[in-house]
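Take these sequences, add in the hints, and give me the full structure.
In terms of our numbering, the sequence shown is residues 1 to 151.
Some hints here could point you the wrong way.
Stated by the list, open to error - Below, a list of computed lysine-lysine pairs in the DSS-like style, where the Cα atoms sit at most 30 angstroms apart:
hint, residue 1, residue 2
1, LYS121, LYS150
2, LYS55, LYS98
3, LYS67, LYS14
4, LYS121, LYS149
5, LYS26, LYS121
6, LYS55, LYS95
What the hints contain is simulated information worked out from the structure, not anything from laboratory work.
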Amino acid sequence: LGAKVTGTRTGGFKKVTGTASLADGKPAGGSVQVEIDMSSVYSDDDGLTKHLMNKDFFDVENHSTAKFVSTEIIKGGEGGTHTITGNLTLRGATKAIKFPATIEVGDSGGKATAEISIKRKDFGIEYAGKADDLIRDDVLLKLDLQLEKKT
1 LGAKVTGTRT GGFKKVTGTA SLADGKPAGG SVQVEIDMSS VYSDDDGLTK HLMNKDFFDV
61 ENHSTAKFVS TEIIKGGEGG THTITGNLTL RGATKAIKFP ATIEVGDSGG KATAEISIKR
121 KDFGIEYAGK ADDLIRDDVL LKLDLQLEKK T
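Following this line, the structure appears as structure tokens:
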């Protein structure tokens with residue numbers, strides 16, 4: 001979710017792939033890697049979607065993928081069952097991030113949900129917006145992942 005002084009915008013990505021590995025059948029000590037096809041971005045406004053693809057925002061022509069690779073998953077944490085630390089690469093910039101996640105694992109797979117707040121300027125997204133419609137620096141990413149067990 002992006003936000004500006006006058007409101008909030010919603011959107012997402014249609015092409016997201018990844019893998020998650022457990023450690024002794026549990027998320028803690030495991031790993032996760034996610035890749036996003038940035039050209040699959042969508043929003044609640046077609047004009048905005050096109051704008052998100054250009055150099056003001058994601059610069060899809062030069063940065064076609066974004067990636068998250070975990071460096072640590074530990075049990076517990078405020079706001080979730082686990083805390084995930086890792087590196088997010090967006091627009092060619094890589095930054096370490098840490099966030100709570102709720103992870104459930106069963107015999108046939110599992111699911112994971114998380115809300116992550118990032119500062120867009122940390123990733124070179126500097127577009128200010130119109131003078132009367134400033135874009136907020138914080139962007140909320142919501143994850144809702146279904147995990148399939150691979151044998």
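Evaluation of the provided hints:
no., hint, verdict
1, LYS121 x LYS150, "violated (37 angstroms)"
2, LYS55 x LYS98, "holds (27 angstroms)"
3, LYS67 x LYS14, "holds (15 angstroms)"
4, LYS121 x LYS149, "violated (37 angstroms)"
5, LYS26 x LYS121, "violated (35 angstroms)"
6, LYS55 x LYS95, "holds (19 angstroms)"
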